[in-house]
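Novice: This is what each chain is made of:
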Amino acid sequence: MSVLVFSLIHLVRGDPIRLALGTRFSQETYDALRERSGLDLPLVQQYVTWAGRAVTGDLGVSFRSGDTVTSLIAERLPATLTLAVAALLVALVIALPLGMLSALHPRSFVDRLATVVSQFGISVPDFWLSIMLILVFAGTLGVLPSGGYVALTEDPLGWLQRLVLPAVATGVVSGSVITRFVRSSMLEALGSDHVRTAQAKGVPTRQVLTWHVLRNALLPLVTVTGVQLAYLLSGVVVVEIVFSWPGLGQLAYQAVRDRDFPVLQGAVLLFALVFLVINLLVDLLYSRIDPRIARR
Amino acid sequence: MTAPVLEVEDLRVDLRTPRGTAHVVNGLSYTVGAGETVAVVGESGSGKSVSVLALLGLLPARTATVTGRALLDGEDLLTMSPERLRQVRGPGVGMVFQDPMTSLNPVLTVGRQLTEGLRAHGSLSKAAARARAVELLGEVGLPDPGRAVDRYPHELSGGMRQRVVIAIALSNSPSLLIADEATTALDVTVQAQILDLVEGLQTEHGTGVVWITHDLGVVAGIADRVLVMYGGRCVEDGTVDDVLERPVHPYTRGLLGALPDLATDDEADLATIPGTPPPPTDLPAGCVFWPRCPVRGDARCETEQPPLAVVAAGTGGLPHRAATWCAEGEAS
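Protein chains in written order, with the numbering used here: chain A, 1 to 296; chain B, 1001 to 1332.
One or more of the hints may lead you astray.
[Claimed, not checked] Pairwise CB distance ranges (calculated):
| no. | chain 1 | residue 1 | chain 2 | residue 2 | range |
| --- | --- | --- | --- | --- | --- |
| 1 | B | T1067 | A | L104 | 25 to 31 Å |
| 2 | B | D1076 | A | S108 | 28 to 34 Å |
| 3 | B | R1016 | A | V136 | 41 to 47 Å |
[What the hints assert, rightly or not] A short, non-exhaustive set of chain B residues, derived as facing chain A with CB atoms under 10 Å:
| no. | residue |
| --- | --- |
| 4 | E1083 |
| 5 | V1165 |
| 6 | I1168 |
[Stated by the list, open to error] With the C-beta cut set under 8 Å, the calculated list includes, among others, these residues of chain A facing chain B:
| no. | residue |
| --- | --- |
| 7 | R196 |
| 8 | Q199 |
| 9 | A200 |
| 10 | G202 |
| 11 | H212 |
| 12 | R215 |
| 13 | P291 |
Calculated directly from the structure, the hints in this document are not laboratory data.
The beta-carbon is built from N, C-alpha and C at its ideal position, and this holds for glycine as well.
Could you put the whole structure together from the sequences, leaning on the hints where they help?
Specialist: Printed below as a string of structure tokens:
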């Protein structure tokens, strides 16, 4: 994994030293800096050095600012976490009722509406949605700020106001994907034999829905929600830029622009780690809700 | 025979399908007395399962149209309110389904699935319901019911699961038990145990039983009366002796002829009925069996539907009836 990250980044064209030095510099300065950053060494050796430090938590120093990569990431992490959790909430608030309603009334008006809405959400690019939201709510209506970030501890209201638009922009996309899953897994559970058994027992409908339909539909849902959360934690680069949201996505974008290899490597490695950890959590959660997995 | 538990009259079920309306059950009438076992036999697709699912309102309401009457202890199942129907499911009618591997909820314990049914129809406390669940599991012959109650379905074998399903169906002492291919998925020894179990419980509680199967061996073992279904209609009914020993309808004879006989001639090919049942979207105008019938002994076979008529006085005071124009030749 880390090999892949490392090699891909070094395939990127452009010389970080040249970029860092600007237009006028002497060959001596260039060589000196190149040697100091270790960029003159063979790639394999660069990788071994980097990986060796990375496992101890030392991700190197930014070419651009001279700060350590770990401190840069730690600084950006709260903003990204906030946005990801808020977006996931938005996604679930959209997806759960909409998916359930359409599964309970297939081919009804609600179902068709949900299909159209989720198709829209899946197909629309998030940057376009972000810009539209800014135009309407920050521009025309002027009710919400167009971007930026303040810490919750400094200004709770301002925090919330600035969170709403980016959270909706990213949440709608995830929500659309999850809606599809809620619908299909609910439909599958509804049609299963054990639901018929429960009905034949004379159990009240509500109880059939919660304990027999929802409880079983939950299994695939946990998986897709985990994947969406991982995506939200790592994939919201464009939305963070549009809303000037100082998160990891923005950090990664700036690092690409500046050919700031250590920062980019650190960020991508973290994204990969997020996927691994969330998948592990999903598996652990699975064993909590599905007894067939727990006992094995 | 005492007053019937179940009286089905002219039951018809139409299902809307993409290929048109399927006439799955077409005027089915039968009664089940207390303590009596009626076997419903026929090929796959003859409407057996649909006809009983319709009784309990378990068909998808969006696509199914059910007409006729189905009196359970004098109350019509087909016209009662959804809430009343819910109350009847369980204490009125218990149902056992075909596949024990899928008819239990995989994420709930066996005990939970039993107590749920018990508590839906009574004011049992949690502890009392659990105690009753253990008792029921013991009654259906589950070893160590005190521990089995906390097991999940995947921890039990197919036969054990089917016992659990039967325990669920019997938990509210229903006046009628419907078993839809309840032993088809089980191996023969387990099947025999389950049949014994149901017979025992039936004599104990006086439950009426509708046993749906395509296994004529099971019919001979368990049933008092037999109803042969084909193309959504009853083509022949009577006591087990009458129908199995002296079949009248060409279809019933075909079914019995298709039974492999272990005692004789194991070199001979298995006799079969050529062709397949008519699609329920496109039933023949005359006798439903006409397209596959080897007899076709009457001019009306192709054009006119034969009524279900008495063909012999029958044994045990019950008439032996068949829907065929070709009964004149009398049973061979």
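Novice: Determine for every hint whether it applies to the structure shown.
Specialist: Now the hints, each set against the structure:
{"no.": "1", "hint": "T1067(B) to L104(A): 25 to 31 Å", "in the structure": "holds (26 Å)"}
{"no.": "2", "hint": "D1076(B) to S108(A): 28 to 34 Å", "in the structure": "holds (29 Å)"}
{"no.": "3", "hint": "R1016(B) to V136(A): 41 to 47 Å", "in the structure": "holds (44 Å)"}
{"no.": "4", "hint": "E1083", "in the structure": "holds (9 Å)"}
{"no.": "5", "hint": "V1165", "in the structure": "holds (7 Å)"}
{"no.": "6", "hint": "I1168", "in the structure": "holds (6 Å)"}
{"no.": "7", "hint": "R196", "in the structure": "holds (6 Å)"}
{"no.": "8", "hint": "Q199", "in the structure": "holds (6 Å)"}
{"no.": "9", "hint": "A200", "in the structure": "holds (4 Å)"}
{"no.": "10", "hint": "G202", "in the structure": "holds (4 Å)"}
{"no.": "11", "hint": "H212", "in the structure": "holds (5 Å)"}
{"no.": "12", "hint": "R215", "in the structure": "holds (5 Å)"}
{"no.": "13", "hint": "P291", "in the structure": "holds (4 Å)"}
Of the hints listed earlier, there is not a single one the structure fails to meet.
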